[in-house]
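Peer 1: From first to last, the protein sequence lines are chains A and B.
Heads up, the first sequence stops at 184 in my numbering, and the numbers go up one at a time, no gaps.
Heads up, the second sequence stops at 184 in my numbering, and the numbers go up one at a time, no gaps.
The hints are all genuine.
In this list, chains with the same sequence are indistinguishable; a pair is considered to hold if it fits within one copy or across any two.
Listed next, the in silico BS3-like pairs over lysine-lysine satisfying Cα-Cα at most 25 Å (straight line):
1) K35 - K161
2) K161 - K107
3) K115 - K129
4) K107 - K77
5) K161 - K115
6) K7 - K107
7) K35 - K7
8) K161 - K77
9) K87 - K7
10) K25 - K35
Simulated from the structure, these hints should not be mistaken for lab results.
There are 2 protein chains.
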Amino acid sequence: MSIMLEKGYSNTGIQEVLSSLGVPKGSFYHYFDSKENFAVAIIRHFDEEFSGELLRILTNSQETPLRRLRTYGETGKRALLSDECRKGCLIGNLSQEMSDQSEILRKELSIVINKRLGLFTQCIEEGQKLGEITQVASADRLAEHLMCGLSGAVTQAKTLKNIEPMENFIDLMFNHFLKARKTA
Amino acid sequence: MSIMLEKGYSNTGIQEVLSSLGVPKGSFYHYFDSKENFAVAIIRHFDEEFSGELLRILTNSQETPLRRLRTYGETGKRALLSDECRKGCLIGNLSQEMSDQSEILRKELSIVINKRLGLFTQCIEEGQKLGEITQVASADRLAEHLMCGLSGAVTQAKTLKNIEPMENFIDLMFNHFLKARKTA
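Next up, chain A with everything else stripped away, as it sits in the complex (with noise of 0.2 Å):
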């Protein structure tokens, strides 16, 4: 996961995961027929750490559905940070790198992401509800903004080597988007 989260899938060698554990190759080709599905049992494992830690922030009932959706953005900036703006999402980047590659893992990626746009639609839905969030849109439509929003952001940080734009993305977006307006 670690290798494929910094390299890629193209660029990630079968052979160099297995030297890095010490396994051989005869053990890999008994738990998996290809690298498509070694990169689908990857995913999964990934998406069940995060969505986990994502669920948790979101439901946190210590903080308001704007401020959950904040501390995510925030989580995931300091995550950026700290791999001096390496790495990213592992699904933002199989995303890009193979949607157009392989079928097998576009299916799962899209799984994925609609599973995360699930949480995120649920959190802002109760936002709304509270008059915190803006509804000039409904909440899965918002959740989608989000997200893709984010997505771009992470990658335009790790192009740029710098911080900013996620900084940029999580001021606009919980300072001034996503607020619901005062009505006069």
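Use these hints to put chain B onto chain A, whose structure you have.
Peer 2: What follows is chain B alone, placed relative to chain A:
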């Protein structure tokens, strides 16, 4: 350019490129000393075509600045649709794939991103002066947000093989978030 747009950097074989053009290998190494430098030339070529079109759209005085930005978004949406949500933008694709893999490509991609940011910033500034575009943040920060969101929406459309994330992004960005709020 076309092969790298669809397959990415790592999955593009020089031999495949040469075969598709009927060019012998010796000629390639006469012009390029590595695949990386070949990719730099491809990025510059892509950017030349793309920046010309972007500049034309963003300085079209027949439309208001916000409308021009929207036209750009719609143009991207149509292109993605006609490619059945494949390919996308070479700069976005290589940014995601190669920013951690090649410092040479990362620097080249940063130059293109900063150039685009400059074009968007000018157009947004113009819209802010006209009172058409929100002033919740400076033009360069709104430009960065717009670029991050667009590239994330393209990626999500490619993964879901559905244009909806692009449509949603265009609607929210240009009908709501970037619009100047009417003052009471």
